[in-house]
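Visitor: With chain A's structure known, arrange chains B, C, D and E on it following the hints.
Chains as they are written, first to last, in our numbering: chain A, 1 to 495; chain B, 1 to 353; chain C, 1 to 475; chain D, 1 to 105; chain E, 1 to 116.
Check before you lean on any hint, since a few could be wrong.
Stated by the list, open to error - DEER-style ranges, computed between Cβ atoms: (1) VAL52/E x GLN58/B: 34 to 40 Å; (2) SER430/C x GLN488/A: 54 to 60 Å; (3) THR473/C x GLN407/A: 56 to 62 Å; (4) ILE88/E x LYS29/D: 48 to 54 Å; (5) GLU92/E x GLN69/B: 56 to 62 Å; (6) ASP320/B x ALA35/C: 40 to 46 Å; (7) GLY191/A x SER196/C: 29 to 35 Å; (8) GLY20/A x GLU60/C: 54 to 60 Å; (9) PRO199/C x LYS29/D: 31 to 37 Å; (10) PHE15/B x VAL56/E: 55 to 61 Å.
Claimed, not checked - List time: in silico DSSO-like cross-link candidates among lysine-lysine, alpha-carbon distance up to 30 Å: (11) LYS109/E x LYS96/C; (12) LYS164/A x LYS364/C; (13) LYS95/C x LYS36/E; (14) LYS104/A x LYS364/C.
As the list claims (entries may be wrong) - The following residues of chain A were derived to be distant from chain C, with all beta-carbon distances above 12 Å: (15) LYS104; (16) THR121; (17) ILE180; (18) GLY192; (19) GLY388; (20) GLU452; (21) TYR457; (22) LEU467.
It is worth saying that the hints were derived from the structure and are not from the lab. Glycine is no exception: its CB is placed at the ideal position from the N, C-alpha and C atoms.
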Amino acid sequence: MDILSLFIVFPLLTVLVLLGAKSLKQARLIALAGTIVQVGMSVNLLFAYLRERSVNDEIMLFTRDLVWFKDFNIHYSIGVDGISVALLILTSLVVLAGVFISWKMEELPREFFISLIVLSTGVYGFFISLDLFLMFVFFEIAVIPMFLLIGIWGSGPREYAAMKLTLMLMGASAILLVGILGIYFNSGADGGPLTFNILEIAKVQIPVEAQKLFFPLTFIGFAVIGALFPFHTWSPDGHASAPTAVSMLHAGVLMKLGGYGVFRVAMYLMPEGTLHWSWFFIVLAAFGVIYGAFAAIRQTDLKYINAYSSVSHLGLVLFALLMLNKTAWNGAIIQSLSHGFMTALFFALIGMIYERTHTRDVTRLGGLLKVIPFISATYVIGGLASLGLPGFSGFVAEMNIFVGAFQHPEISYRIASIFAVSAIVVTAVYILRVVGMMLMGPLKENSLTPMERATWYEKAGIFLMLLPIIGIGVAPLWLSEMILQSIQPFIQGVL
Amino acid sequence: MMPLRITENIHNWLFSVMPEGVASLVEMTLIAVVYLTIFAVAGLFLVLLERRVAAWFQLRIGPNRVGPQGLLQTMADAIKLLTKELTGTEKADKFLYNLAPYFVIISALMALAVIPFSAEFHAFDINIGIFFLIAISSIGVIGILLGGWSSNNKYALIGAMRSGVQTISYELSVGLSLLTMVVITGSLQLSEIIEVQKSGWLILQGHIPAAIAFMVFMISGTAETNRAPFDMVEAESELGAGFHTEYSGMKFAYFFLAEFINMFIISAIAATVFFGGWLSPFGITESIPELGVFWFLLKTMALVFLMMWFRWTFPRLRVDQLLTLEWKYLLPINLVNLVLMALLVWLNLTLRL
Amino acid sequence: MDMETLLLLRQEVSLLLIALVLLLFEIFANDRNRAGVVSLAIVLFGLHTALGFMDMKEGELFGGMFRTNALIHMFKNILNLGVLIVLLQSAEWVKKELIPQNRGTEFFILMLSSLLGLQFLISSGDFLMFYLGLELSTLPLAALAAFEIYRMRSSEAGIKLILSSALASGITLFGISLLYASSGSIYYAELQGAISENPLTVLAMILFFAGLGFKISLVPFHFWTADVYEGAPIGIASYLSVISKGAAIFILMILFFTVLKPLMHLWENLFYLLSVLTMFLGNLFALRQQNMKRFLAFSSIAQAGFILLGLITGTTLGVATVIYFILIYIFSNLAAFGVVQAISTETGKEQLQDYEGLYRTNPKLSLVMMLGLFSLAGIPPVAGFFGKFFLFTAAASKGYYFLVFLAVVNVTISLYYYLLVVRAMFLRKSEHPIPYFTNTVYMRIGLVITVIGILALGLYSPIYDYIYALSSTLN
Amino acid sequence: MIEGISIYELLTVTSILFFIGIYGFITRKNLISVLISVELILNAGAVNFVVINKYLYPDVLQGMIFSIFIIAVAAAETALAISIIINLYRKISSVEVRDVETMKY
Amino acid sequence: MGSEAIIVFFLAGVVLVTGANFLSNLISPKSDSDAKRAPYESGMTTIGPTWVQFKVGYYLFAILFLVFDVEIAFLVPWAVAYKGIGAIAFVEVLIFLFILGLGLLYAWKKGALKWK
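So that you can see chain A by itself, here it is in the shape it has in the complex (with noise of 0.2 Å):
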């Protein structure tokens, strides 16, 4: 069993072994047990990567290629760069929080542990598959558990909203299908065989009209589940009934899937087509970074303003990915990895708050830091870092998305940076203005009750996010070379 291989079949045992679990304690445990070791797989993935980088140029690493479908030169075919180690990372350990956060799942605990890893296991293997068809495969089995994480174990309208997001999504990966198949079709350099592994395409030049056609498509699909203005509207929804842990993996990692997809498929094998669309998606990418943040400071809903925020962070990412340049990328990537562990923090604060006052209404809340200081005070350090202050990692990705933006030669291009840039003044008025309401001020009565402080798993959960955003703004430089290393052959492919 090769190193990447282990990330899809280890889960599945976890699984296999949760179904034999009879109680809540049992399943948390095998659970737990199963994420540790996750990621664990993860960081020991990090290392043999970093140590194989230094002899290796190839573009990915521990590859691993199974023929599986001949007739379609489908294959299982596996391999990483640095970003999708990133992203692994981030995959592994935010799981892992999210086993913690549901340390109390008192209905179905069983079902609901296997729903999670199962959507985990998506996730790993839409990382570091290198074929579009097992890409896209996994894509789906990452999407589909969400119906059953939000419908069961949701709270709210949970059943419109599960419908809503698992509708909009496999609606875009059917679009993305069409995407596919149409870059598969042109796949074969003159009459060669067609393939779907990502890296042959890319030497072969797809024909310049097919890309303008199927770039959209592709585009689009990925993009929908990276919250792409106005294809978001399933993610407020879907954040704001989903379990708590669920709402962590969704925002954390799920949503990253889009920015990953466009970035590897749409835009690694249709330049062309990227150079042709971009200025369209870029003004909707702005669009969205700005009307997310308009919108997270009029929702009183905690997990509506986060929900909304992901959107605006989301749409930079897309939004630097479109501006085409090293800088800019590398900024979009860190960006997806901070907000994955910021997101995923706060919505495991939200969680616990809501656990212990009853309501998400920022309006009813007050005074927290008095009763509950230590979620609170990561609460504030989560919304330091989700502004930009410097020293955290929000501050490395939007300084280089912003940096790169300005770059770009076109000066409408620059207009757009300029828009989007104002989001930011924005996110710090409703990161504060919730700070300020919910935090500060005198106790209300949703804040009376006496309420218990963090428990030993809570701030297990919180340490794992809050540990890293913290590592990346401080020393951001050790990822950053890690990342442009792999842009490297992506810069060549694009420009």
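Guide: Using the frame of chain A, we list chains B, C, D and E on its own:
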């Protein structure tokens, strides 16, 4: 060869004096008239015969007033029927009510067309003769059903339904027993069937299975004509007159006539298929083909007499007995018999003189 | 009538023998041992299915009326397997409903006769055999649809099925006669070179298509589908939805890809149109169904629309993907129907709302149902996804990207109503859920086979490779 | 072959028969009438086969054989349909189409 | 005579019935009364509708008849061609009749042949 030459002579004469189209038209009309005459005469004669035979069985004299030996009795009956009022029932389905006689008469007439009276006296020597006969004889039952149904009379309806179930049931046996004989001849054309019999009547050629087939055919043929002992269709003690209860006068006469013609047809078929038709026994009059008609009629009348004999020998069957007889005895026997005959032909065990 | 002939006819002869054995059993059975027919039939048919996997030679019989080759043989095995599952799933119903009425054997005999018809249909080498197969497969089904004689709806289903099928086959017949008029033969082999485009042939083709379109329940001929599925016993509905539909598609494919190939530029457009109509209509009507059987009926109409995507290609790829899809579709749909059957037999409940909270009382059944529905919807990693993906690939290989786009839109619509069922089973809680019950051995085996099929068919690629290798023999 | 009548006339007759059948199937309100309409269609097909065989391809009897089988199948179809209709009639005492439309959409 | 004979005989039948009907209408007396038009029911007024529902037995036999009649339709060509073919035709008809015989047995066992 004299009497048979007549047709040819007439044919030649007609075509010599008239244009072709008119000639053939006239010829056809002639043929139709001849057959209609046969139809009527045979019907009248058979009715008379029936009455005389019945009387003979019951040691009475039977009709003897009208004409010499009562020969004109049925003629008088016919005229009487012609002058009777035609009544109808209220709420009857007028169209179907009037249509029904056409069915029975036409089917009987058409069946008559394929009967070979002799080598030359054969109006319609079609290559699927027997098949045609089976087909056309099943049309008659539609007339009966229509008549019964459209009369708006319960007796008529019940009679018709009984007739339907009986006729279709026994039709199977008729068909199968004829098919059994076709296996020997390998042809459906009646003239060819007779040709084959020049080396021995089929009942002799096929010996045991042929005898079985003959018996089955006579039984089911009797049943198909709704004659006693299979006449619960018109069981007067139960149903008035059965399906034609509401028919009067001439319309009643059609059914009556058709029934007797059908009896003649059944006998004629049996005579043709089993007893060599117009062939003389052992070829004794082979040199005089004019006697063909005589032999044919002789055999047919013998079989008609047999059917009349049945009537005064067996009691009427109940409907369940009737169906049991067909479905549980005749049909399985027939199927086995068919296989037996096939085996016989395959192994070449048929008798040839 | 030598041994070799018999070996070519092996499948059909063995089916016929089973039917006759069952008939004999029925003739000599008494009230005490009558229930034994269920086991007898299933065991015999299981043997038949197993023996079917032996190799078979290629050949023709009756002067080309009947022909068989590896591809046809394989498809017969697929049908056998499907029917075996149907029989297993219906066993309990037969025992409960039919045996006391003394009508158990007939169910099996009619079912096997219908299968026999289908096998002749797909083995046909001329239109006479084709027509006979078509009718032999439909008529017993009409009898079966009306089998619950004490239920009005069953009779209604029966009469609707028989009348509309007779209409369709009549139209087909007329089409065949015109085809015969234009080319002078009813043998496929002789027709193959003789077809040329002229108005008569085109008319003939369109009329001919009607009968098969009816069996596949494509849109202008779909009216019977929902009513029949709802009224008929569930086993029959599932048979109609997968087995007879699959066989009809198979023979349609053979005919259009070989005999009617010269008219391809015409039927391409026909299929295109019908595919779009069928998908949309099936899906839109399925959205509003509350009865599980009706719901599955419309879903199966929609699935037929998807299958046309593969038929439109006229290539080996199309053949392989269509057969592969049918195979998967058999397992998926039978899984769904199996659960409906199990629940209906046990409790008599067939409405969607009855399924609320099913997971909490009958988790295994609802998991099977979920797998089946996900497979129908085409969600990885279950087999249905692979089937659909390959079908779309086949269509895209001919450049029908827009059609594929419409199809994926429909996949999304269909996902909605499949999720409605999942929602009822998993998300909802009910005041009166269906109580826990255990299934009989037969039903379990029937469901387990479908689950294995659903899980294995997609991930285990040699099956597809095998089908593809055989498909290349068609053209 | 019938003298003086060409294949066109015969095929016209069968086509008319066919379309009468279709029309009847759609418009008739009585199940039996619908059944009869269907039979008309089948018979149109059967006659077609015979006519085409006789006029166009008299050497081989494909069409004739076909028509025999059509008759057989039509008989089976009718038998079955009638049985079901009888069963329906015993339940609802009607053979009207509108009375067997309990299931809709 | 050719196949037009059949038309001749058909027309002859039509002429016969129509002519006799015409004649009879001409010479027969005509009088009308309600009693005359009443259906005959053993001298009683009729009870209930005439077109009563029939027992299913009739239809059962009709359907059985259909089966065997069609069988005959298939046996006819066989019987005609039998002599020229020999053994194989014998075996085939044996199979054919065996299956049919089983059908008959089945109907028997199921009580379809019983007039209840």
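Visitor: For each hint, tell me whether it holds in the structure or not.
Guide: A quick look at each hint next to the structure:
no.: 1; hint: VAL52/E x GLN58/B: 34 to 40 Å; in the structure: holds, 38 Å
no.: 2; hint: SER430/C x GLN488/A: 54 to 60 Å; in the structure: holds, 58 Å
no.: 3; hint: THR473/C x GLN407/A: 56 to 62 Å; in the structure: holds, 60 Å
no.: 4; hint: ILE88/E x LYS29/D: 48 to 54 Å; in the structure: holds, 51 Å
no.: 5; hint: GLU92/E x GLN69/B: 56 to 62 Å; in the structure: holds, 57 Å
no.: 6; hint: ASP320/B x ALA35/C: 40 to 46 Å; in the structure: violated, 32 Å
no.: 7; hint: GLY191/A x SER196/C: 29 to 35 Å; in the structure: holds, 32 Å
no.: 8; hint: GLY20/A x GLU60/C: 54 to 60 Å; in the structure: holds, 56 Å
no.: 9; hint: PRO199/C x LYS29/D: 31 to 37 Å; in the structure: holds, 35 Å
no.: 10; hint: PHE15/B x VAL56/E: 55 to 61 Å; in the structure: holds, 59 Å
no.: 11; hint: LYS109/E x LYS96/C; in the structure: holds, 22 Å
no.: 12; hint: LYS164/A x LYS364/C; in the structure: holds, 27 Å
no.: 13; hint: LYS95/C x LYS36/E; in the structure: violated, 60 Å
no.: 14; hint: LYS104/A x LYS364/C; in the structure: holds, 26 Å
no.: 15; hint: LYS104; in the structure: holds, 20 Å
no.: 16; hint: THR121; in the structure: violated, 10 Å
no.: 17; hint: ILE180; in the structure: violated, 9 Å
no.: 18; hint: GLY192; in the structure: holds, 15 Å
no.: 19; hint: GLY388; in the structure: holds, 37 Å
no.: 20; hint: GLU452; in the structure: holds, 29 Å
no.: 21; hint: TYR457; in the structure: holds, 27 Å
no.: 22; hint: LEU467; in the structure: holds, 34 Å
Checked against the numbered hints given earlier, this structure breaks hints 6, 13, 16 and 17; the rest are met.
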